[in-house]
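4 protein chains.
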Amino acid sequence: DRPLTVIAGPCQLESRDHAMMIAKEMARACDQAGAQFIFKASYDKANRTSLKGKRGLGIEAGLKILEEVRAEIGCPVLTDIHDAEQARIAGAVVDVIQIPAFLCRQTDLLLAAGDTGCVVNIKKGQFLAPWDMPNVADKVASTGNENILLTERGTSFGYNTLVADMRGLPEMAKTGYPVIMDATHSVQQPGGQGGSSGGQREFAPVMARAAVSLGIAGVFIETHEAPDTAPSDGPNMIPLNQMPKLVQTLMEFDRIAKDDPIRL
Amino acid sequence: DRPLTVIAGPCQLESRDHAMMIAKEMARACDQAGAQFIFKASYDKANRTSLKGKRGLGIEAGLKILEEVRAEIGCPVLTDIHDAEQARIAGAVVDVIQIPAFLCRQTDLLLAAGDTGCVVNIKKGQFLAPWDMPNVADKVASTGNENILLTERGTSFGYNTLVADMRGLPEMAKTGYPVIMDATHSVQQPGGQGGSSGGQREFAPVMARAAVSLGIAGVFIETHEAPDTAPSDGPNMIPLNQMPKLVQTLMEFDRIAKDDPIRL
Amino acid sequence: DRPLTVIAGPCQLESRDHAMMIAKEMARACDQAGAQFIFKASYDKANRTSLKGKRGLGIEAGLKILEEVRAEIGCPVLTDIHDAEQARIAGAVVDVIQIPAFLCRQTDLLLAAGDTGCVVNIKKGQFLAPWDMPNVADKVASTGNENILLTERGTSFGYNTLVADMRGLPEMAKTGYPVIMDATHSVQQPGGQGGSSGGQREFAPVMARAAVSLGIAGVFIETHEAPDTAPSDGPNMIPLNQMPKLVQTLMEFDRIAKDDPIRL
Amino acid sequence: DRPLTVIAGPCQLESRDHAMMIAKEMARACDQAGAQFIFKASYDKANRTSLKGKRGLGIEAGLKILEEVRAEIGCPVLTDIHDAEQARIAGAVVDVIQIPAFLCRQTDLLLAAGDTGCVVNIKKGQFLAPWDMPNVADKVASTGNENILLTERGTSFGYNTLVADMRGLPEMAKTGYPVIMDATHSVQQPGGQGGSSGGQREFAPVMARAAVSLGIAGVFIETHEAPDTAPSDGPNMIPLNQMPKLVQTLMEFDRIAKDDPIRL
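Residue numbers (the numbering used here), protein chains in the order written: chain A, -18 to 245; chain B, -18 to 245; chain C, -18 to 245; chain D, -18 to 245.
Because the hints were derived from the structure by calculation, they are not lab data. Only a predicted model underlies this, so the values are computations on that prediction, with no experimental measurement involved. Don't take every hint at face value.
Intra- or inter-copy, both count: the list cannot distinguish identical chains.
[Unchecked claim] Distance condition first, Cα-Cα at most 16 Å in a straight line; then the derived EDC-like pairs of lysine to aspartate or glutamate:
{"id": "1", "residue 1": "K26", "residue 2": "E127"}
{"id": "2", "residue 1": "K226", "residue 2": "E6"}
{"id": "3", "residue 1": "K33", "residue 2": "D119"}
{"id": "4", "residue 1": "K33", "residue 2": "D(-18)"}
{"id": "5", "residue 1": "K26", "residue 2": "D89"}
{"id": "6", "residue 1": "K5", "residue 2": "E206"}
{"id": "7", "residue 1": "K155", "residue 2": "E183"}
{"id": "8", "residue 1": "K5", "residue 2": "E49"}
{"id": "9", "residue 1": "K26", "residue 2": "D240"}
{"id": "10", "residue 1": "K226", "residue 2": "D240"}
{"id": "11", "residue 1": "K239", "residue 2": "E6"}
{"id": "12", "residue 1": "K5", "residue 2": "D241"}
{"id": "13", "residue 1": "K35", "residue 2": "D89"}
{"id": "14", "residue 1": "K35", "residue 2": "E(-5)"}
{"id": "15", "residue 1": "K155", "residue 2": "D209"}
{"id": "16", "residue 1": "K239", "residue 2": "D(-18)"}
{"id": "17", "residue 1": "K45", "residue 2": "D119"}
{"id": "18", "residue 1": "K26", "residue 2": "E(-5)"}
{"id": "19", "residue 1": "K226", "residue 2": "D241"}
{"id": "20", "residue 1": "K33", "residue 2": "D89"}
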């Protein structure tokens, strides 16, 4: 088993310089700790809680920045898409196409993502059991593309709350696909602030450590130098200056976990 | 307050004759009971549990049938859409555009649905609190279209199970928009049969009666002459021959409920 | 099927006069509406959220008041017990012994309650599925006492929240035992105010109406002339002056529901 | 921070020899791995799913065995109690008195447990939020006894299912009391086999590892040499012969976790 992959970046792209700054910082932190790194950022937040939430730079400007991050930092880049047409456009630029959790059962989107030939990271819907993900992955795999990642990002638990069920990680790993823990969305409080989602940033390292100790393939963590003023997902993002220490700690757990990963 | 609206039809369109048969039967049943009737059917099941599930007749053939049902039976027709382009195409034919629950936060879809000028029926996502629906409705209303219906169809409750919270109905009614109870999807068991969803058909009348007693605007019920062989949602659809009696019973409850509807 | 039974009273006994006042008022309201009436009150709140919550008058003083209410108003009386010894003591006085939800799986308590020969009203635990209640009822029935009532009072739904699943009512009715809807505890928010439970009083009539429309045997409603100053459960109790109208409305629904109660 | 404490033993006492065998095996395994060990066993299963479930040896015979285990193995012993009288009797023998989850809000039981002067291990109810446990602990602490442990054992998640929320561990640790993860009850499926509870034994190590990685004080694990024929909780107990390896693995995680335990 290979060392932990850290998929990290800001929730949404804000500018070329901002993306580059975060990518550079994360690449260095991962490199020092011996982790693999994938830069993540969204060009469009297509399902904001309310119309007042900022949506982002748009696909054209966004993909240009991701291309430059990739060239300059030398790391793979990931972004999420929202329809089949976007799959084709983004797939020509990024390494990993991500399927948002709400859209994880939209057949056409999954097929289009598979057709890009990119790695496809599918977030498990908040409304889905982990043992239902093989059906979802099969939609992508039916295109002949088996470069699939499955991501846990929390399950609906009452109203405005998610819970991250650790059983879901080894359960999804039974598919043979690498499993990722999304530590920051798992602690989101959907709609929890009325016009936007709340979050419990302080619990993100809890989720990451617990999951890494099971021997998973990677963690997904959104980060920002000033989460409280970020245009989206501020309440659950981890401050950038805490990331180097966190990645280092996770790598310590990863090493002993990978000696004896939990397999069902 | 006007008498109960019954939105009913098969889960998916199977053929012109099949649609016409169900529409005719339901129109008669509603007419006899004094209920209003809207025919519902889908031309595409875009988010089946697995790739093996039948998707439907497609948008062109489907809309043609809906147009004929409308002309021949003289009832409004409703269908669900899955992207902005479909909103425009379907909106030219149907009376009510429906937003699927999984897609209820996709901003572009809601805006496109609003732009059609049709009535827009938004299903509350299984992952959403009822008090988060005003934000969702605002996206449609921002287009100037306030012909909005809000539908309860169950909330995630553990894995592979939904629960219908009766509090959600008057809570959503605080928006001033008519509220609908989807009695058959509320008793769905998502993914509950491995490769497809299960359902507890026997509880659909429970949901309908409980909800109608609160004084809501309408019920949504999928029905089929032979649910066990229907191409989708068979486990939760109500047999067509039970519908006339059910509608009649619901109208009895509707009459006393509408005398004193619950308002928060 | 007999007309609806209304089990009502204050959460806890405060004084003889207070109990008598509420019992008289409720007896008259039920009589006028044609409902059956059982007076309910607790002599000890044995599981308050915090130590600071008021516990009540104690078993001796409490049972004395219940005895007097019974004699003077001429209605059956119900109280809840917390151990086997209390079952014996209370069982000598009251008509209905109630098993608290948290204690619904305590075998010795159920056996002792059965042994009293009283009617035993078992509240379904917030942690229990409705189809698990036959096992619970069997414990009581094993004593030879089959005068059993089963009460829905909400199920855990995330943290600090309950949801009342209407499916549970006909599901529990499959046992053949009369089923009761506890409309006020179903809208409790356990621990929701830090040192005490919150509640959503405005939804209690929602629960009552929805449940009565299914044709259940009775409703359980806590009421108080000034809920906001009541020593316990104020946030979810219904003001006493709203009860006559509510009981009347429920009886209208009960009449048509009992013509065709939902049976699984 | 001290090394991990392992609270382990069979669900219920079966015989002196059986208890001794398991205690000896576990004491050796913990000793070799550098973990602290407390022997756990119940003399009475007071809340079995159904009346047919075996209850146990009873308090007198049970306490005698626990006393002998303590004397012969030299380890502290823990048992659970069900009423105030049992607290006094058991408290004279055991080191740790345990409050069952269903009973965690019964004030008199908590006070009686506190009065014994024993360590009191309180299991968080399946119906309780972690932030509600300070109120529970305060009931014990009001007796002047602050030797309190708080145990996570899963939270209701839909019907017949529990979920272990890792956030609960550091949340409860904010009280300053040591926090324990009950790895085997967290994977219980309450009532899941109709007349008894099911369980997902394969996930117990998942829960243990995830929790230990956060730097908690201890794990609680029920074990049996032949779980499938055990009189209770077989489906979720870990086979005894897998325990030495598991404890060793947990200690590896404990060491790095204790270097930097998660504190909120």
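Right, here's what the structure says about each hint:
1. K26 - E127: neither (27 Å within a copy, 24 Å between copies)
2. K226 - E6: within (12 Å within a copy, 39 Å between copies)
3. K33 - D119: For K33 and D119, the Cα distance is within 16 Å only across copies (10 Å; inside one copy 36 Å).
4. K33 - D(-18): Neither: 44 Å inside a chain and 33 Å across chains, both beyond 16 Å.
5. K26 - D89: Only across copies: K26 and D89 sit 11 Å apart there, 20 Å inside one copy, limit 16 Å.
6. K5 - E206: Only inside one copy: K5 and E206 sit 13 Å apart there, 53 Å across copies, limit 16 Å.
7. K155 - E183: This pair counts as between: shortest inter-copy Cα distance 13 Å, intra-copy 30 Å.
8. K5 - E49: within (12 Å within a copy, 60 Å between copies)
9. K26 - D240: neither (38 Å within a copy, 39 Å between copies)
10. K226 - D240: Intra 22 Å, inter 13 Å, cutoff 16 Å: inter-copy only.
11. K239 - E6: neither (26 Å within a copy, 28 Å between copies)
12. K5 - D241: Answer is neither; intra-copy 32 Å and inter-copy 26 Å both fail.
13. K35 - D89: between (27 Å within a copy, 13 Å between copies)
14. K35 - E(-5): within (10 Å within a copy, 42 Å between copies)
15. K155 - D209: Cα proximity of K155 and D209: none, with 38 Å in one copy and 24 Å across.
16. K239 - D(-18): within (6 Å within a copy, 25 Å between copies)
17. K45 - D119: neither (31 Å within a copy, 32 Å between copies)
18. K26 - E(-5): For K26 and E(-5), only the intra-copy Cα distance (12 Å) is at most 16 Å; the inter-copy one is 36 Å.
19. K226 - D241: Only across copies: K226 and D241 sit 11 Å apart there, 24 Å inside one copy, limit 16 Å.
20. K33 - D89: Between copies only: 13 Å across chains, 29 Å inside a chain, cut-off 16 Å.
The structure is inconsistent with the numbered hints 1, 4, 9, 11, 12, 15, 17, although it conforms to all the rest.
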